[in-house]
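**Student:** Sequence:
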Amino acid sequence: MVNLLREATFPVHRFRQAVCGYVGKTTKVCCNSPRDTSNTIQNYNNDPSYSSASKSSRNCGQSFVRSNTPTLGSFPFLVRVGFINLNDGSIKYSCTGTILNERTVLTTATCALVSSDEYKLHSVLIGEFDTSSNPDCNQLFCAYCTQSYEISYVVKHPNFDAKTFEHNIALLRLNSSVPFTLTAQPICYSDHQYIPIGCTALLVGWGKLSHYKKSTQQQVLPIKILPTQDCNEFLSQGLSVELCGIGFQDACSGFNWDVIIWFSM
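The sequence shown begins at 1 in the UniProt record's numbering and counts up by one.
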């Protein structure tokens with residue numbers, strides 16, 4: 001319970017679950033034996049907390065937020081990748097990534113290696129949900145303020161092809177370690193080499209889902225994974241298709257370089 005109290009943004013319902021009775025007017029709190037809760041595996045299909053699982057990443061994070069719809073804290077491993085304007089010092093967040101550990105973020109090579117006379121890869125923003133507020137709050141809690149971490153160097157896939165986009169992944173090494181909180185956790189990555197055809201994954205980012213103006217909050221678009229040959233439009237152009245999918249609703253714009261999440265069984 002002491003550990004729970006140290007977490008300033010812990011949801012109210014987690015404290016209520018620890019209450020196991022009363023002695024007069026005094027509340028009794030029952031605590032489990034100390035254990036590494038980071039190894040807990042939850043199933044997205046049965047648990048609305050949208051937590052992912054991994055056997056290979058034993059220290060991976062999980063969402064502690066329980067909600068029927070994606071909300072603040074549902075995807076604590078998502079970060080925004082920032083580029084600094086060389087003229088005025090402002091930061092523009094053009095793509096996203098996922099936290100792998102305290103100092104490493106996974107993103108696309110096309111994001112990490114983009115070149116411009118005006119902008120330069122600079123930092124990642126941790127703990128973002130709504131770009132219009134800081135800190136982000138809902139009815140249960142307020143998260144920590146977003147934190148920016150400068151990027152020390154980039155490691156691209158050794159076989160990345162900038163023409164065909166084959167092996168389009170890169171690692172961002174941060175200058176300092178990220179403290180894990182309710183809205184900042186490493187992702188759980190699966191042991192599976194391939195994502196099964198026909199399963200549902202989630203495209204998560206700050207894109208536009210309809211004809212309405214672009215939302216300031218994280219958007220989630222379910223997509224169905226298809227065989228790569230179903231993306232013939234791109235294959236015919238000589239481009240590499242690592243993953244092919246179709247949305248159950250249209251992603252109008254702004255989802256370039258965003259994260260696709262698959263919850264393995």
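Honestly, the hints are just simulated from the structure, not real lab data. Glycine included, every Cβ here is placed at the ideal spot set by N, Cα and C. Treat the hints with care, as some may be off.
With a straight-line cut-off of 20 Å between C-alpha atoms, the simulated SDA-like cross-links for lysine to any residue are [what the hints assert, rightly or not]:
| no. | residue 1 | residue 2 |
| --- | --- | --- |
| 1 | 92 | 130 |
| 2 | 224 | 260 |
| 3 | 92 | 71 |
Here are the simulated distance ranges between beta carbons [unchecked claim]:
| no. | residue 1 | residue 2 | range |
| --- | --- | --- | --- |
| 4 | 236 | 85 | 33 to 39 Å |
| 5 | 88 | 142 | 26 to 32 Å |
| 6 | 227 | 176 | 41 to 47 Å |
| 7 | 193 | 235 | 16 to 22 Å |
| 8 | 169 | 148 | 19 to 25 Å |
| 9 | 93 | 142 | 35 to 41 Å |
| 10 | 104 | 161 | 18 to 24 Å |
| 11 | 133 | 102 | 39 to 45 Å |
| 12 | 222 | 137 | 34 to 40 Å |
**Student:** What hints, given by number in increasing order, does this structure fail?
**Tutor:** 3, 9, 11 and 12
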